[in-house]
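Sequential numbering of the sequence shown, starting at 1, is according to this note's numbering.
A portion of the hints provided could be inaccurate.
Ranges of calculated distance between the beta carbons of each label pair, as one might list FRET restraints [claimed, not checked]:
1. R24 <-> E211: 18 to 24 angstroms
2. L70 <-> Q194: 19 to 25 angstroms
3. P243 <-> S108: 44 to 50 angstroms
4. R22 <-> W145: 43 to 49 angstroms
5. L70 <-> K112: 49 to 55 angstroms
Listed below are the simulated DSS-like cross-link pairs for lysine-lysine, each with C-alpha atoms no more than 30 angstroms apart in a straight line [unchecked claim]:
6. K112 <-> K265
7. K181 <-> K66
8. K112 <-> K181
9. K181 <-> K265
These aren't lab readings, by the way, just hints derived from the structure by calculation.
Heads up, the beta-carbon is just placed ideally off N, CA and C, and yes, glycines get one too.
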Amino acid sequence: MTQKLIIEAGRIDTHYWRELWRYRELFSVLAWRDLAIRYKETLFGVVWALGRPFLTTLALSVVFGKLAKLPSDGNVPYPLLVLVGMLVWNFFSTALTEASTTLMKDASLVTKVYFPRMIVPAAAVAVVFFDFLISFATLGFLMIWYHFVPSWQVLFLPFFVVLAFLASLGPSLWLTALNIKYRDFRFVIPFLVQFGFYISPIGYSSNIVPENWRLIFSLNPMVGIIDGFRWCLLSGQGGLYLPAVCWSTVATAFLLWFGGRQFRKGERRFADLL
């Protein structure tokens, strides 16, 4: 059966999301290609996805837990507290770093073939999400080691997993567009990731933040997401600061809309700029 080619003013804009669905197979191909490149013929492969958060957790546990003697949440072992925060942050920061450069890496594809360009950074975020799921094996091992079992709060984990994915996708789209327009912006992204690491509750609990600073501290959208993961996986012993979760949800929705909007605004010029 032959397909009709319809030329209509503004058709790309009005049918863009339908086009994304039409090219869903390309999304799968790009994601699978990146996965194959990541794990095929590598020395460490999956071991690196498991070992990196473990080694970082070990270092932060010594610095914050042993030397600084910061408290954990309830009777939660400090390494578990750190590892949950590290897994979430690694997913977010790696997604930003890798997705922001995908269009430049796939310049030959972008400049020769038409498809919704949003598929490329979205596929990169999906690959990092796969690493994120693999790294949960490290968390499972540590929970078994400490004989720690999650409580009923774990039922809310899918909500925070989706929230973390969308919180990574929105800024990734925006940074991808900026990286194409301003080539030196790729040097800014590592700084933003490093700065975000220090203002996010990764190596410590949000409960140590003074109450009069808690709301300001929670303006970082990752605070509510990390705290949500800890609440789900660590039996809710640290409590859940609802204003932070609500703000993270609102900020994620805004960044997803804004990132998609900025990406769409520059998408038609990507092939020329590359």
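Now for the hints, and whether the structure bears them out:
no., hint, result
1, R24 <-> E211: 18 to 24 angstroms, "violated, 47 angstroms"
2, L70 <-> Q194: 19 to 25 angstroms, "holds, 21 angstroms"
3, P243 <-> S108: 44 to 50 angstroms, "holds, 47 angstroms"
4, R22 <-> W145: 43 to 49 angstroms, "holds, 47 angstroms"
5, L70 <-> K112: 49 to 55 angstroms, "holds, 53 angstroms"
6, K112 <-> K265, "holds, 20 angstroms"
7, K181 <-> K66, "violated, 45 angstroms"
8, K112 <-> K181, "holds, 19 angstroms"
9, K181 <-> K265, "holds, 11 angstroms"
Violated hints, listed in ascending order, are 1 and 7; each of the other numbered hints is respected by the structure.
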